[in-house]
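Undergrad: In the working numbering, the protein residues as written are 4 to 173.
Treat the hints as calculated values from the structure; they're not laboratory data.
Just so you know, even glycine gets a beta-carbon here, dropped at the ideal spot from N, CA and C.
One thing to keep in mind: the hints can contain errors.
Stated by the list, open to error - Derived DEER-like restraints, expressed as beta-carbon distance ranges:
#, residue 1, residue 2, range
1, Phe98, Asn133, 43 to 49 Å
2, Leu132, Gly66, 40 to 46 Å
3, Trp134, Ala20, 34 to 40 Å
4, Ala42, Gly124, 27 to 33 Å
5, Leu49, Leu132, 30 to 36 Å
Unchecked claim - Derived pair list, reagent style SDA-like, types lysine to any residue, alpha-carbon separation capped at 25 Å:
#, residue 1, residue 2
6, Lys143, Leu119
7, Lys144, Gly124
8, Lys143, Pro162
9, Lys143, Ser126
10, Lys143, Ala122
11, Lys144, Leu158
12, Lys144, Leu132
13, Lys143, Met110
14, Lys144, Leu13
15, Lys144, Ser24
16, Lys143, Phe14
17, Lys144, Leu120
18, Lys144, Trp80
19, Lys144, Val28
20, Lys143, Val28
21, Lys143, Gly113
22, Lys144, Ala74
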Amino acid sequence: MSFVDTSMLLFFSAAMAFAASSDLVSMTIPNRLSLALIAGFVVFALAAGLSWSVIGWHLAAGGVMLAATFAMFAAGWVGGGDAKLAAATAVWCGFPTLMEYSLVASMLGGFLTLALLFARGYSLPRFALNWDWAVRLHDKKTGIPYGIALAAAGLIILPETIIWQNTFAA
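Please put together the full structure from these sequences, using the hints given.
TA: Written out as structure tokens, the structure reads:
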């Protein structure tokens, strides 16, 4: 495994872990994280030898996802950070794995939603009552930290992407 391989794997994994944990504890995903994911993609795509036209198509996939998730945000179905994270992750997927990513994220998000709704039907354990993030997450008025599902789906799909195939095949 080369330095570029290791760097890409660590960068993407750390970004996804940060997005998931940030959404879990604060119900926010920083804009700078989504921007860093897009910039990181361009850097690693060039290092992997992807052409500018392929990079452009990946950016277009992110644009399509942003349009779709912005509509979901406008309808009140997802948060703004979730919409931007999905779009930034879609840049890494490109069109070849965009539907896979969407399907996996939807399935994981559905499971996460059902699990949280089930858990919210019970009292929060006494030891967790002092954890602000746990109290907020347990509140029935709080949304679902969908960034967890989006990040997990990104990690699951990454090995299927062109950037991964070009980086690790060399």
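Undergrad: Taking the hints in turn, state whether each one holds.
TA: Status of the hints after comparison with the structure:
no.	hint	result
1	Phe98 / Asn133: 43 to 49 Å	holds (47 Å)
2	Leu132 / Gly66: 40 to 46 Å	holds (44 Å)
3	Trp134 / Ala20: 34 to 40 Å	violated (19 Å)
4	Ala42 / Gly124: 27 to 33 Å	violated (42 Å)
5	Leu49 / Leu132: 30 to 36 Å	violated (50 Å)
6	Lys143 / Leu119	holds (9 Å)
7	Lys144 / Gly124	holds (12 Å)
8	Lys143 / Pro162	violated (36 Å)
9	Lys143 / Ser126	holds (11 Å)
10	Lys143 / Ala122	holds (10 Å)
11	Lys144 / Leu158	violated (29 Å)
12	Lys144 / Leu132	holds (17 Å)
13	Lys143 / Met110	holds (21 Å)
14	Lys144 / Leu13	violated (35 Å)
15	Lys144 / Ser24	holds (20 Å)
16	Lys143 / Phe14	violated (34 Å)
17	Lys144 / Leu120	holds (11 Å)
18	Lys144 / Trp80	holds (14 Å)
19	Lys144 / Val28	holds (16 Å)
20	Lys143 / Val28	holds (16 Å)
21	Lys143 / Gly113	holds (16 Å)
22	Lys144 / Ala74	holds (22 Å)
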